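Assemble the whole structure, with the sequences as input and the hints as a guide.
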Amino acid sequence: MLKQTEGSRAVAEAVALCRPEVICAYPISPQTHIVEGLGEMVKRGTLSPCEFINVESEFAAMSVAIGSSAAGARTYTATASQGLLFMAEAVYNASGLGLPVVMTVANRAIGAPINIWNDHSDSMSQRDSGWLQLFAETNQEALDLHIQAFKLAEELSMPVMVCMDGFILTHAYERVDIPTQAEVDAFLPPYEPRQVLDPAEPVSIGAMVGPEAFTEVRYLAHAKQLSALEVIPRIAQEFAARFGRQSGGLVRGYQTDDAETIVVALGSVIGTLKDTVDEMRAERIKIGVLGIQSFRPFPLAAVRAALQNAKRVVVLEKSFSVGLGGVVSTDVRVALSGLQLHGYTVVAGLGGRAITKTSLHRTLREAIAGTLQPLTFMDLDWRIVNRQLEREAQVRRSGPIAENLLRDIGGIAVKVV
Amino acid sequence: MDEQSNSAPIRFYQTGTFTVGNRLLDPVHRSVQSSIERNNSLNSGHRACQGCGEALGARYAVDAAMRATDGQLIAVNATGCLEVFSTPYPETSWQLPWIHSLFGNAAAVGTGVAAALKIKARKAGLQHNDARVIAQGGDGGTTDIGFGCLSGMFERNDDVLYICYDNEAYMNTGVQRSSATPPAAHTATTMAVGEHPGAEFGQGKNLPRIAMAHEIPYVATATVADLRDLESKVHKAMNLRGARYLHILVPCPLGWGAASCDTIKIARLACESGIFPVFEALYGEVTRVTKIRRRVPVTEYLKLQKRFAHLFAGDGRPDMLAHIQAEADRNIRRYDLLAEEVTA
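Which chain is which? The protein sequence lines are A and B, in order. The letter at position 246 of the first sequence is residue 246 when you use our numbering, and the numbering goes up by one with no holes. The letter at position 248 of the second sequence is residue 248 when you use our numbering, and the numbering goes up by one with no holes.
Careful, some of the hints might be misleading.
[To be verified] Label pairs and their in silico Cβ distance ranges:
#, chain 1, residue 1, chain 2, residue 2, range
1, A, Ala-213, B, Val-32, 35 to 45 Å
2, A, Ser-48, B, Ser-31, 42 to 52 Å
3, A, Thr-330, B, Asp-70, 47 to 57 Å
[Claimed, not checked] Pairs of lysine to aspartate or glutamate, EDC-like flavour, derived with a Cα cap of 20 Å:
#, chain 1, residue 1, chain 2, residue 2
4, B, Lys-123, A, Asp-185
5, B, Lys-291, B, Asp-329
6, B, Lys-236, B, Asp-226
7, B, Lys-306, B, Asp-319
8, B, Lys-120, A, Asp-185
9, A, Lys-274, A, Glu-174
10, B, Lys-123, A, Asp-198
11, B, Lys-120, A, Glu-201
12, B, Lys-120, A, Asp-198
13, B, Lys-123, A, Glu-192
14, B, Lys-303, B, Asp-319
15, B, Lys-120, A, Glu-192
Bear in mind the hints are in silico, worked out from the structure with no lab data behind them. Remember, it's a predicted structure, so these values are computed and weren't measured experimentally. Even glycine gets a Cβ: it sits at the ideal position worked out from N, Cα and C.
Here it is, written out as structure tokens:
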């Protein structure tokens, strides 16, 4: 059914169609509307039977999810930013135990300085946690990915994060196609756990493992993620066959076939990039976009296949590894190992800074001209950076950085270019 | 036990111990330590130290919960000695479904298991699931790192019995101070040196009282000195729904510097001195206390433990001993622990 709705609401309805049995909720922007929507459905009785539990922290949210999933219930939660970090210990535990929890991450920056707006630092921080990470380009894809995520998680017995850009997607109202309950029921079978806490068949879950088997347990987690490289496209195909639209999969190229320059990106910025590519194509510039839908497992072969005939690759990412540079570009580099390509990392959109077509045009043209720095912070305001560096050189007690910068720009906390 | 208090007073005790002679009780009230009926939920062969109070407490508590639920029990365990000594892969001592997740989340995992059981029951058209949940941890996992999750579980009144095995320090990591470590006790992080040796006075948490402040259906304390009392409290707890808390004092020979053979004696002296009040509370109000039958000064309790040795070395620390005695006296007043009469 076509519906004009908020991204969070669309996700809440998609999750409800998956018949979750336990939902743990703790508020954090910009995820909150999702669990609010689900809470209302449970309270009204339209989502039933389902236990909606208001917990006291994100650490508890994931811990409750661990308990309910281990006891055989289909389990969902959602978080973002600081919340994801606060639950990090339990995030690793859920994947280590092989529990197929599905969690939405409404991507948001990590403080300090505290910032509620979108970037990908939160889910990137859990890159090595063992969770599968799927990134949505649109609200429709976010909705669709949740339905696929339960199937994927339960088939592999591994947890899945569905990552969607905070505010840009979660708070955007647009048209989405919401499937019927019968359609989702036909696609997603009831949860059949591989391991369950059952008095009729007692097992010990989470026993201590020493050096004699720890490597093997960890390798098996890796092997499951590798097998997901087969399962993800298959589930996306099954989804397309039943629902009539392409969503998910490993990677998706746009105008990449003959492209000399390919921009690699995750999430909603792919839309802006496609528009930019269209405009540059009108000027006969051979450029394309490669969207990565599955960040973990990272589809090395698919990325290589899509990029290997290009002359240059620009990885545009909303996160970075302090002291090194790109996070995604490091993975892309592994995919391209041995190939002679010009590679650029463009860090953009941190803390919600708008990624505009104007800036993309300028940056991509610099890449094509060979004048772009290998690591570029797009739209960085060098004036205030240099002023702070000067201040630190001159005065020992130079004060808190964020406050200094805000005073320097003399305006509101959020600068939208 | 309530059943006993309704029948004729029992006047026979084993010499010197005040223990009721088992054979003198009605068969229904007799303690059975070894029986083919017994579940042995925490089976033999684990790696606990000799004289481990926690292993003893857990064996009795979990078996009692198993009996109370007709074997329909799931256990959640915090990281700690109990988890480590019972399950080095690929072995496990647990004869019931058991999960260990993290150090600080046993109560929340318990909530999750309880939620899943509730849904399963509802799907089967039942009001309640026969299967029930206990969550258990040491004092560190309960009073410190797991405190937030525990308070959340209490506040939501989730159907979980949380059992704290309190040995008053982080024993698994090598005897460091927890917020349950008593004043003056020597630990690896409260050394018996300086002007105020051992743990500080005036710090620490009284978790049973904090649990009572949540006004949950049931809060009780127990020790391994009175296993029948412990078992009956577990039974009582499992016959109630909602959040329940049982705090069991479990002496640790290693961490307390005590002889392995003295575990039960020390636990008894903790009660008889008033250091550890044994009581139960319903919905935040104390409803029953275990009276002290032969009051002893706290020194009798402290002297058996090397962690308090600095209170007695050289000229000793009468000031600190007086402080500890005053705390015991306050417990005796607060819980009205002195028996009106001793029947013997």
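Violations among the numbered hints:
Those not satisfied: there are none.
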